[in-house]
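Build the full structure now, drawing on both the sequences and the hints.
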Amino acid sequence: MTRNTRILMSIIYWAFVVYLFVPLVLMVLMGFKDSKFIGFPIKSWTLDWYIGVFRDTEVISVFVYSTTIAVASTAISLTVGTWISVLLAGRSFFGRTVIFGLTVLPAVIPGIISAISFRIFARLLGIETGMFAIIWAHAVHNVPFVALVVMARLATLPASHTEAAMDLGADRFVSFFRITLPYLKPALIGAGVFCMLLSFDDFVRSFFLGGYEPTLPVLIFSKLRSGMSPEINAIATVVLIMTAVLGIWAERSMRRMGKGT
Amino acid sequence: MPTTEDPIVHIDGISKSFGKTVALQRLDMKIRPGEFVTFLGPSGCGKSTTLRLLGGFAQPDSGRIVLGGEDVTRLPPNKRRVNMVFQDYALFPHMTVTRNITFGLELKRMTRDRIAARLDELLSFLELDAFRDRFPDQLSGGQRQRVALARALAPDPDLLLLDEPLGALDARLRAQVQLELKDIQRRTGKTFFFVTHDQDEALTMSDRIVVMNQGRVEQDGTPEDLYLRPKSRFVAEFIGETNLLSGPVRHADDGRVAIDWFGMQIEGRAFDSTPRPGDMVTAALRLEKVGFFDARPETGNAVQGRVVNRVFKGSRTAVDVRVGDAGAAILKAYVDREVPDDVWLGWDPANLAVLQD
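If you read the protein sequences in the order shown, they are chains E and U.
Residue numbers for the first sequence follow our numbering, beginning at 163 and rising by one.
Residue numbers for the second sequence follow our numbering, beginning at 36 and rising by one.
Think of the hints as simulated: they come from the structure by calculation, not from any bench.
C-beta atoms are modelled at their ideal positions from N, C-alpha and C, and glycine is treated no differently.
Please note that a few of the clues may not be correct.
Keeping only pairs whose Cα atoms sit at most 20 Å apart, straight-line, the calculated DMTMM-like set for lysine to aspartate or glutamate is [what the hints assert, rightly or not]:
id, chain 1, residue 1, chain 2, residue 2
1, U, Lys-143, E, Glu-325
2, U, Lys-324, U, Asp-260
3, U, Lys-143, U, Asp-193
4, U, Lys-114, E, Glu-325
5, U, Lys-367, U, Asp-383
6, U, Lys-348, U, Asp-383
7, U, Lys-65, U, Asp-193
8, E, Lys-347, U, Asp-172
9, U, Lys-324, U, Glu-302
10, U, Lys-55, U, Asp-106
11, U, Lys-114, E, Asp-333
12, U, Lys-143, E, Glu-290
13, U, Lys-348, U, Glu-302
14, U, Lys-367, U, Asp-255
15, U, Lys-367, U, Asp-307
Here are the computed distance ranges between Cβ atoms for each label pair [to be verified]:
id, chain 1, residue 1, chain 2, residue 2, range
16, E, Leu-286, U, Pro-111, 42 to 48 Å
17, E, Gly-257, U, Asp-235, 48 to 54 Å
18, E, Thr-229, U, Thr-146, 43 to 49 Å
19, E, Gly-257, U, Thr-56, 24 to 30 Å
20, U, Arg-372, E, Thr-318, 54 to 60 Å
21, E, Thr-318, U, Thr-56, 35 to 41 Å
22, E, Gly-257, U, Arg-167, 52 to 58 Å
23, U, Pro-77, E, Thr-259, 43 to 49 Å
24, U, Gln-249, E, Thr-318, 29 to 35 Å
Footprint (simulated), chain U over chain E, 3 or more residues, beta carbon under 8 Å [said to hold, decoys possible]:
id, segment
25, 317-323
26, 337-351
27, 363-371
Right, dumping it as structure tokens:
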């Protein structure tokens, strides 16, 4: 590579970085603007919008609601996804490809389609819209991501490890919980964080299956309809920071754990 | 009550196939308590299959496996008093040396005090005291191998299975570990079932070697038996370096067989076969059993020849000697001194083993 192409490449790279981050920076900045309207110039600065976010009981209760849904749906996805992975790992049996295909399917169905079908199905079963329905829809949607990550990790677990556990007196159950599961830990943390973020971020399914209580994205959407205000920027910035911290923590702990194995 | 004369392991006519590949054909075998038995053979000979059947990781198509008087053929690994040292050691990466070793003891529901005592015993026995809190990835190959051994010995099994556990070590360390392993086996008095494709390993450590080929036992005997009195061409060629001498039998009498080898009359011993005059036979002669003489030796076999090639190997020289009328054959030999080009070669007829095939 010549010097000029190298310079050109780095310019393109930095332009891309700017393109990615400028919207975020703008969003954060507007949260500090002492005015009801979004836009430059920012004449005076304030923390009122942020203070408002933490004082607003509606925002806080919606935040707790969204977090509960994220945690619960993630727990279900991790359990079911791991279960399927262990079932599909290694040995081949009749219907293996079909099960794998069905497992991955929810990941590729467009959100709006799956949301509508969930709504119809819920009505059919008599499941009321609300938290339970949203958790269920998020869990189903997230299982493929868990299954793919866990299967990839499981493929690197030497068969001799579980055989050694059995050899030393463990049954399949003990061998799974004491050998396989610890080995999967980095994958489970990664997949879990990803699921939480997906659930927290989801709008379409939450919108279609929500009851009277909105999730955070639904709340922001309804606030937007009554006009953009720096309050929304403040809410978004708080969420941005929290998810970024969670993501970075997960990435770091995965890397640390992955090293030894 | 089993006595020491009863076999600890009785393999009773087991067969095993994988699809169309026959891994084992009606294997019969008895192993006495305290024996160091090595299954030796090339890959695919059935030695690893036997090991996995004993461990309970696979079931035979037919036949029985009796362990300490109990039929264990259909028992899973966790119900057998057998432990295994895996080829890749299979140490649990998220557990310390201590936790690895005590894993099997906890599952046996031993009391905490007894586990601690057993752990200390094993750690000092295998010189692992300094590493008790380390994780497997903080250990060297030799240390890992010792941890794997400690973990397998911990539950006090009737039979210890070892699946080529030295394969991952470098040559120098391997030689040392071979002696250590033999020593550990002697001191614990445990029955070791060792699987390898390395003949040096087998000869160094074993009380008894079973040479396997294509799912069948080629020969079963002491290292000396196999080395000096191979039954088949396969065993003779698989273990050590050897000269194979073929020719028709001139006369045979009570195990003494005279063979016409390119016009030279040589005498060998038949240990397991009774060749008759006129049969074509092959006999095996180890390179180091060939002696060099200035004149025709008075006893034993003697042939005259001319050195055609010398390869210096440090402590000895490998020599090719062309022998017989018109130099019809080549005899390979080791010699530890300078020899002239024209020599007489001689050997004790007991060292020329007539093969079955």
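Hint-by-hint comparison with the structure:
no.	hint	in the structure
1	U/Lys-143 <-> E/Glu-325	holds (17 Å)
2	U/Lys-324 <-> U/Asp-260	holds (15 Å)
3	U/Lys-143 <-> U/Asp-193	holds (15 Å)
4	U/Lys-114 <-> E/Glu-325	holds (13 Å)
5	U/Lys-367 <-> U/Asp-383	holds (16 Å)
6	U/Lys-348 <-> U/Asp-383	violated (25 Å)
7	U/Lys-65 <-> U/Asp-193	holds (14 Å)
8	E/Lys-347 <-> U/Asp-172	holds (17 Å)
9	U/Lys-324 <-> U/Glu-302	holds (14 Å)
10	U/Lys-55 <-> U/Asp-106	violated (27 Å)
11	U/Lys-114 <-> E/Asp-333	holds (9 Å)
12	U/Lys-143 <-> E/Glu-290	violated (50 Å)
13	U/Lys-348 <-> U/Glu-302	violated (30 Å)
14	U/Lys-367 <-> U/Asp-255	violated (27 Å)
15	U/Lys-367 <-> U/Asp-307	violated (25 Å)
16	E/Leu-286 <-> U/Pro-111: 42 to 48 Å	holds (45 Å)
17	E/Gly-257 <-> U/Asp-235: 48 to 54 Å	holds (49 Å)
18	E/Thr-229 <-> U/Thr-146: 43 to 49 Å	holds (45 Å)
19	E/Gly-257 <-> U/Thr-56: 24 to 30 Å	holds (27 Å)
20	U/Arg-372 <-> E/Thr-318: 54 to 60 Å	holds (57 Å)
21	E/Thr-318 <-> U/Thr-56: 35 to 41 Å	violated (27 Å)
22	E/Gly-257 <-> U/Arg-167: 52 to 58 Å	violated (47 Å)
23	U/Pro-77 <-> E/Thr-259: 43 to 49 Å	violated (36 Å)
24	U/Gln-249 <-> E/Thr-318: 29 to 35 Å	holds (34 Å)
25	317-323	holds (count 3)
26	337-351	holds (count 5)
27	363-371	violated (count 0)
Hint compliance for this structure: hints 6, 10, 12, 13, 14, 15, 21, 22, 23, 27 are broken, all remaining hints hold.
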